[in-house]
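Trainee: As a plain string of letters, each chain reads:
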Amino acid sequence: MASYSDYIVGAPLVDTAAPDGPIETRWERRRFGVKLVNPANKRKMKVIVVGTGLAGGSAAATLAELGYQVSSFCYQDSPRRAHSIAAQGGINAAKNYRGDGDSIHRLFYDTVKGGDFRSRESNVHRLAEISVQIIDQCVAQGVPFAREYGGLLDTRSFGGAQVSRTFYARGQTGQQLLLGAYQALERQIDAGGVTMYSRHEMLELIVVDGRARGIVARDLVTGETRSHLADAVVLASGGYGNVFYLSTNAKGCNVTASWRAHRKGALFANPCYTQIHPTCIPVSGDHQSKLTLMSESLRNDGRVWVPQKAGDSRAPRDIPEAERDYFLERQYPAFGNLVPRDIASRAAKNVCDAGRGVGPTGLGVYLDFADAIGRLGRPAVAAKYGNLFQMYQRITGEDPYEVPMRIFPAVHYTMGGLWVDYDLQSSIPGLFVVGEANFSDHGANRLGASALMQGLADGYFVLPNTIGDYLARGVEPVAADAPEVREAEAAVAGRVEKLLSIDGDRTVDSFHRELGHLMWDHCGMERTAEGLHKALERIPELRREFWQSVKVPGSAATLNQSLEKAGRVADFLELGELMCLDALHREESCGGHFRAESQTEDHEAARKDDEFSYVAAWEFTGQGSAPVLHKEDLHFEYVTPSQRSYK
Amino acid sequence: MVINGEPHGPQKATTTCQLHLRHFSDGETITVEPFRAAAFGVVKDLVVDRGAFDRIIAAGGYVSAPTGAAPEAHATPVPKRNADRAFTAAACIGCGACVAACPNGSASLFLGAKITHLGELPQGQPERSDRVIRMVKTHDAEGFGGCTNTGECAVACPKEIPLDVISQLNRDYLAAVTHRR
Ligand SMILES: Cc1cc2nc3c(=O)[nH]c(=O)nc-3n(C[C@H](O)[C@H](O)[C@H](O)COP(=O)(O)OP(=O)(O)OC[C@H]3O[C@@H](n4cnc5c(N)ncnc54)[C@H](O)[C@@H]3O)c2cc1C
Ligand code: SF4
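Protein chains in written order, with this note's numbering: chain A, 1 to 647; chain B, 1 to 181.
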């Protein structure tokens, strides 16, 4: 048996299917190069889309508009309840409506730099190009973006950008964009182009002759598991932040769809790149199972500070100006409170580690609106942030108009995900991955308001073009009783039965919580070889204990939420280990991945481009056997890698 | 769910999942029930089937705007007044509290919210009459009751969807059927 920290370096990944030549025309040229499917054939081709968030909803609707037969899956009771609904802040687009110097090139540049030079230039440029079409598309659907008195669209600046390019719909941008995609999806359901399977969970990928040919899904109401076959499978199943137990993600978010595909051969890229968001409501106690994000837009007007003295327990309003440390403004005079998320989060952690944190647990910093209220007046502040203030007050019982908010970083987004090429195809032919579930565009750190953009770019505009190239080349029919199909069904049934039969004495949640603590302590905001070794020793033990002593009440033949949770935690217990291994192997700091051993003199992340300018794509080789690392080298022709500076 | 007889419990403009126990007194007994309505079957315990809401949307709660065919977003300015009203209506989360609160089990507030959202926008005009006719038909066929203006729905609504979306629904419906004749 391999030691927990072993891995094998395999063949590099050289073909990413991206055209070369001038970056401005790569996407256009790729679209032109794509083989087209004859409309009469489209009607006979079946595509499965797992997930109905921004990425999956937009993909399923568009594929059906093109004429494909689509089967769409989500585990919620309605496609409209995908986690994308939670996004508050906004969506970026290089419209340059403000004339403030924005352009496709600037959005491209900001995103490559924001990602700390760990993303592909080709992909990011395409994303920036498509961003402008997304806004047009959503407006045409009736998405009620914020508007100005003249009737034109309003924008704001957001999360580390110096131009105003973020479109928003009060604090509900995600909901409104998702409703747009959902309504387009419902239109196709009505027209017969999409068959909707709500309350269905994908538990296995079916691979026949090396190609993705379907999924095994469990009907969460009746408990029935069965296979669904297709010509291609699209995963749009979201991110895996819940591996940390506490995160801003919805409780149901999970890695199962991606992880099952990984076990069947899909490479998993950069699993350790996770985003810790600086403005969340601090944890209040051990019983807590969910964290709440406060939109980052608050940093446009709120000022972040802590007392200068460690252990200063005076009420915030009793601390005079001269004894406060506005640490972001002090350390980063150019960007101040608007530095990117990874930087803001780590700075908050550092002041708390130094004993200057505030609130009952000492794990918090102030976000203060007193200046803004003085400058703009209370009504203007209320118009901008009223609903966020209300939400804060509802949760904490404190009034942010009177006392500064307290915030602390929390796990929010996962940049890593299944490896895909420029066409969004994974390493398994016929398996495509879109949205947060893939690794494609954000490198080691995502900029605010870029996930919604990427999900919709993938789903509306990229995948519907590129999947045709695969389908046009022809896919053989597969029999419903093919041995691979039967095996996948049997594997799911076996797993469900096993989970229910252990009947041990520890709850699923207690395993999840312990895993989450390990991940947060050792694979969170700051990582060290020592800590990662500890986690890598403990996680396999914890997994063994899980399979020996977990208690899953109820039966398989009905709605059983404990069973659903157990399956998800079982997969997190495998993913967590790979994340730690990836973090251990990457002996540099970049974006959200901060290795304490690799920092500059003033404690900023020190990248090592000579050694680590690559995507780490991991191949599964079996439980307990060393995974294989495939490296995809990153090349920068348009944005020269530099040490990121926001000073 | 219904808490102490009220959908989403006692706090105004607050969903169940945002409701904190500090709003109840120590030792108090709290009664919880599913959202009950003829059109919402109980799946298990507190879980109900709100699939009828999706089918109402599928019957026209959209603007037909196939991907890729959209004009430049600034080609059609929308007066802020209309945009704001559309937004207020679009805030509906499809929770179903309005139906559970209604003595007739009507989904008029939910339906009116979508009609108002799309009807306030220039993009929603071409399909406006067909939309309301088809959506009302589906609403009735799904077993939701008629509206008798009790106003209970707007009191229960966590997103504070105003009652006037129902007047809008009635006006649009009347205009559509008159126009069709
Ligand atoms: C609180 C919060 C606020 C955010 N705010 C912003 C913001 O302002 N701007 C921004 O750009 N980004 C924001 N983000 C990030 C962004 O919302 C997400 O990255 C994005 O919405 C993900 O979309 P998605 O379509 O990839 O996945 P999701 O919306 O998570 O959808 C996943 C779908 O997959 C389905 N699914 C998953 N697993 C299975 C399975 N095994 N079987 C069947 N179905 C399955 C689910 O049912 C669901 O339909 C925010 C994130 C959070 C948590
Ligand atoms: S109108 Fe209000 S109560 Fe009814 S479904 Fe929408 S949000 Fe819920």
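Treat the hints with caution; some may be incorrect.
[As the list claims (entries may be wrong)] Just some of the chain A residues that point at chain B, by a computed CB distance under 10 Å:
no.: 1; residue: Gln133
no.: 2; residue: Gln141
no.: 3; residue: Leu363
[Unchecked claim] Keeping only pairs whose Cα atoms sit at most 30 Å apart, straight-line, the calculated DSSO-like set for lysine-lysine is:
no.: 4; chain 1: A; residue 1: Lys290; chain 2: B; residue 2: Lys80
no.: 5; chain 1: B; residue 1: Lys44; chain 2: A; residue 2: Lys309
no.: 6; chain 1: B; residue 1: Lys12; chain 2: A; residue 2: Lys35
no.: 7; chain 1: B; residue 1: Lys44; chain 2: A; residue 2: Lys290
no.: 8; chain 1: A; residue 1: Lys608; chain 2: A; residue 2: Lys647
no.: 9; chain 1: A; residue 1: Lys251; chain 2: B; residue 2: Lys12
no.: 10; chain 1: A; residue 1: Lys251; chain 2: B; residue 2: Lys80
no.: 11; chain 1: B; residue 1: Lys44; chain 2: A; residue 2: Lys384
Calculated directly from the structure, the hints in this document are not laboratory data.
Ideal placement from N, C-alpha and C gives every residue a C-beta, glycine not left out.
Trainee: Give a verdict on every hint.
Mentor: Each hint tested on the structure:
| no. | hint | verdict |
| --- | --- | --- |
| 1 | Gln133 | 7 Å, holds |
| 2 | Gln141 | 5 Å, holds |
| 3 | Leu363 | 21 Å, violated |
| 4 | A/Lys290 x B/Lys80 | 36 Å, violated |
| 5 | B/Lys44 x A/Lys309 | 55 Å, violated |
| 6 | B/Lys12 x A/Lys35 | 56 Å, violated |
| 7 | B/Lys44 x A/Lys290 | 24 Å, holds |
| 8 | A/Lys608 x A/Lys647 | 20 Å, holds |
| 9 | A/Lys251 x B/Lys12 | 24 Å, holds |
| 10 | A/Lys251 x B/Lys80 | 36 Å, violated |
| 11 | B/Lys44 x A/Lys384 | 41 Å, violated |
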